[in-house]
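Enquirer: The chain contents come next:
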Amino acid sequence: MDWKRSLGSIPALLFWTGVWWLCAERFGNPLLLPNPWQVLGCLAELASAAAFWQTVALSIGRILLGVFAGTVLGVLLAALTTASPLAELLIAPAMTAMQATPVASFTILVLIWLPRDWVPVLICGMMVLPVVWNGVSAGIRAVDVQLLEMAKVYRIPGLRKFLRIYLPSVMPFFRTACSNSLGLGWKAGIAAEVLTVPGISIGKMISEAKLYLMTEELFAWTLTVVALSLVLQKWMLRLLRGRKTDA
Amino acid sequence: MLELRGISHRYNDQWVLRHRDLTLNPGQRLAIMGPSGCGKTTLLRLALGLTRPTEGTVENTFRSVGTVFQEPRLLPWRTALENVNLVLGDTRETLEQAEACLARVDLAGARDKLPRELSGGMQQRVALARALAVKADCLVLDEPFKAMDGELRRSIIGLVNETKAAILLVTHDEEEAALLDCEILRLT
Numbered sequence: 038m039d040w041k042r043s044l045g046s047i048p049a050l051l052f053w054t055g056v057w058w059l060c061a062e063r064f065g066n067p068l069l070l071p072n073p074w075q076v077l078g079c080l081a082e083l084a085s086a087a088a089f090w091q092t093v094a095l096s097i098g099r100i101l102l103g104v105f106a107g108t109v110l111g112v113l114l115a116a117l118t119t120a121s122p123l124a125e126l127l128i129a130p131a132m133t134a135m136q137a138t139p140v141a142s143f144t145i146l147v148l149i150w151l152p153r154d155w156v157p158v159l160i161c162g163m164m165v166l167p168v169v170w171n172g173v174s175a176g177i178r179a180v181d182v183q184l185l186e187m188a189k190v191y192r193i194p195g196l197r198k199f200l201r202i203y204l205p206s207v208m209p210f211f212r213t214a215c216s217n218s219l220g221l222g223w224k225a226g227i228a229a230e231v232l233t234v235p236g237i238s239i240g241k242m243i244s245e246a247k248l249y250l251m252t253e254e255l256f257a258w259t260l261t262v263v264a265l266s267l268v269l270q271k272w273m274l275r276l277l278r279g280r281k282t283d284a
Numbered sequence: 324m325l326e327l328r329g330i331s332h333r334y335n336d337q338w339v340l341r342h343r344d345l346t347l348n349p350g351q352r353l354a355i356m357g358p359s360g361c362g363k364t365t366l367l368r369l370a371l372g373l374t375r376p377t378e379g380t381v382e383n384t385f386r387s388v389g390t391v392f393q394e395p396r397l398l399p400w401r402t403a404l405e406n407v408n409l410v411l412g413d414t415r416e417t418l419e420q421a422e423a424c425l426a427r428v429d430l431a432g433a434r435d436k437l438p439r440e441l442s443g444g445m446q447q448r449v450a451l452a453r454a455l456a457v458k459a460d461c462l463v464l465d466e467p468f469k470a471m472d473g474e475l476r477r478s479i480i481g482l483v484n485e486t487k488a489a490i491l492l493v494t495h496d497e498e499e500a501a502l503l504d505c506e507i508l509r510l511t
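Heads up: the sequence lines are chains X and Y, in that order. All residue numbers for the first sequence refer to our numbering, where the first residue is 38 and numbers rise by one. All residue numbers for the second sequence refer to our numbering, where the first residue is 324 and numbers rise by one.
Quick caveat, the hints were computed from the structure, so don't treat them as lab data. Hints are not guaranteed to be accurate.
[Claimed, not checked] Cβ pair distances, simulated, as ranges:
| # | chain 1 | residue 1 | chain 2 | residue 2 | range |
| --- | --- | --- | --- | --- | --- |
| 1 | Y | Arg328 | X | Pro122 | 29 to 37 Å |
| 2 | Y | Tyr334 | X | Leu117 | 28 to 36 Å |
| 3 | X | Leu117 | Y | Ile507 | 22 to 30 Å |
| 4 | X | Glu62 | Y | Leu437 | 23 to 31 Å |
For each residue, glycine too, the CB sits at the ideal point set by N, CA and C.
This is chain X alone, in the form it adopts within the complex (with noise of 0.2 Å):
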């Protein structure tokens, strides 16, 4: 049950609330280190504006763009790859420097080409092209041969095949790359935001933050991150849960 895990990892969530406290009252100043109700005392005052609903909408927005964009290349690009080897012997080296550049070198390098409001957009779906790719293409590689070869006997067509073996068969892959992949996607999208400040987003607002020596703020909005990205991966699990398929 899910309530009874969140449940069990109350006393964890006090702890470390303890212990920042601690370090806190040690630190004796805010500047350096703000204790836990300063931050969420900040967060409400933050919360009651409309300014921050829209910042934390258009943040999301870009990012989940972003996700879904990756996602879906991904997935044509396994499909793509696990037919063709030339298009795997292509295309794998590409994703394996992708997963290996660092956030902050690609996001200077679309700077340079793309609008500042684009570039997370870009960044995210970077990171998670090659996660989705890569999961579902194991989870192509993983269908069971024999299956196709009863389906080839009794020749069942093309599209019910696709619906009742391989998808099936690939989905528990694919669940798992996005639920990865959207975590990655959510700091990779932030990251990329605080390097290229974008109009309104929450990436800016970090960016600020830092810039005055507004800690409180800063540890705000980086609460506001953890949580969005917590409430977003168990949406994607809900979501992709709640699809219907055989598997």
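Dock chain Y against chain X, hints included.
Expert: Same frame as chain X, now just chain Y:
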């Protein structure tokens, strides 16, 4: 008609079949027998077009083929009924027909069970129901009664006996071949 002419097949450097001919005419019943590793299953795979022969040709003019592999090969995420219905068109309209096929192998009560909830023998009967459902004019059966015993086995063999389809059967059991009135081809 199914005709395998001058068939030879090898896996890596190991020949499993050399210069074999086999003809199965409409309505004919043929049992392939022989020790393990003599190429019985390979011969069936060649007949089904699942393996390309190293040498020789395979010609299959039967309209449709139903098969039971050594393993049941059921979709693990679909119920017994849905597994049979899959080969019938997978529509609501064909469900009744699929249900009747399951009833023929005495599995009406297991229609909503997933393969993992069925015993090995029951899974094999679902596979047999699937093979019979398509009303094929050729049945290719690889030890289909292996996981069944006693009265049930005899009754399922009786069910297969009712079909007018040509049968290509792999078995280790002379009694099965005799009950199905099969000619015997021995491989060595």
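Enquirer: Given the range 23 to 31 Å, decide if the beta-carbon distance of Glu62 (chain X) to Leu437 (chain Y) lies inside it.
Expert: 58 Å, violated
Enquirer: So does Arg328 (chain Y) sit 29 to 37 Å from Pro122 (chain X), Cβ to Cβ?
Expert: Distance hint for Arg328 (chain Y), Pro122 (chain X) holds at roughly 33 Å.
Enquirer: Taking the Cβ atom of Tyr334 (chain Y) and the Cβ atom of Leu117 (chain X), is their distance within the range 28 to 36 Å?
Expert: Holds: the Cβ-Cβ distance is about 31 Å, inside 28 to 36 Å.
Enquirer: Just tell me: holds or violated, for the beta carbon distance of Leu117 (chain X) and Ile507 (chain Y) against 22 to 30 Å?
Expert: For Ile507 (chain Y) against Leu117 (chain X), whose Cβ atoms are near 49 Å apart, the range 22 to 30 Å is violated.
Checked against the numbered hints above, the structure breaks hints 3, 4 and satisfies the rest.
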